[in-house]
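Peer 1: Going by this note's numbering, the residue at position 34 of the sequence shown is 651; the numbering climbs one at a time, nothing skipped.
Since the hints were made in silico from the structure, they are not lab data.
If you're wondering where the values come from, they're calculated on a predicted model, not measured in any experiment.
Across the chosen pairs, the derived CB separations fall in these ranges:
(1) Gly766 x Asp730: 13 to 21 Å
(2) Lys736 x Phe659: 20 to 28 Å
(3) Arg754 x Arg696: 25 to 33 Å
(4) Glu640 x Ser697: 19 to 27 Å
(5) Asp730 x Leu662: 30 to 38 Å
(6) Ser734 x Arg669: 18 to 26 Å
(7) His663 x Gly741: 28 to 36 Å
(8) Arg655 x Thr737: 23 to 31 Å
(9) Gln762 x Asn638: 32 to 40 Å
(10) His663 x Thr761: 40 to 48 Å
(11) Gly661 x Thr761: 36 to 44 Å
(12) Gly661 x Gln753: 30 to 38 Å
Glycine included, each C-beta is placed from N, C-alpha and C at the ideal position.
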Amino acid sequence: MLQLCKITDSLLISNSRSACNKELLTQEGVTFCINVSRQQPFPGLHHIRSLRVPVFDDPLEDLYKYFEQCNNAIEDTVRSGGKCLVYCKNGRSRSAAICTAYLMRHQNLTLKDAFESVKTARPGVEPNTGFWTQLQRYEEYLQTQHQLGHSSEKMISSK
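Using the sequences and the hints, build the whole thing.
Peer 2: The structure is reproduced here in structure tokens:
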């Protein structure tokens, strides 16, 4: 079945077959695509901007290094009133990890809550063990950043 699964009003996830269905993309108003694969095609619509994250669905691949770049691209799309579609071959592992990382970063969700949101939108998602470990590392990183942010705010306000 061809479908784009809605995680938020501006963030969608799918497999590559659905992502390359021009009717679906136009219907949903997708303006930006993140293709989390080395080989899957792009939709080929001129009005849709795109980004490729060249990784295989392999636990040894480093997806972590792309989290911030993807998060910024998604957030820019959201802020400009667009819609972002994140996809990989089956829409299960790589794309789910990217969407989860985005929710953690820009909606301040825990890994558990962010993943639940993605799983609610697309029940079959299951990042591989390597990507899951990278998401856990990212959650720790975000918590540290958050604490640093709060401690510097306290220092400023206490002066």
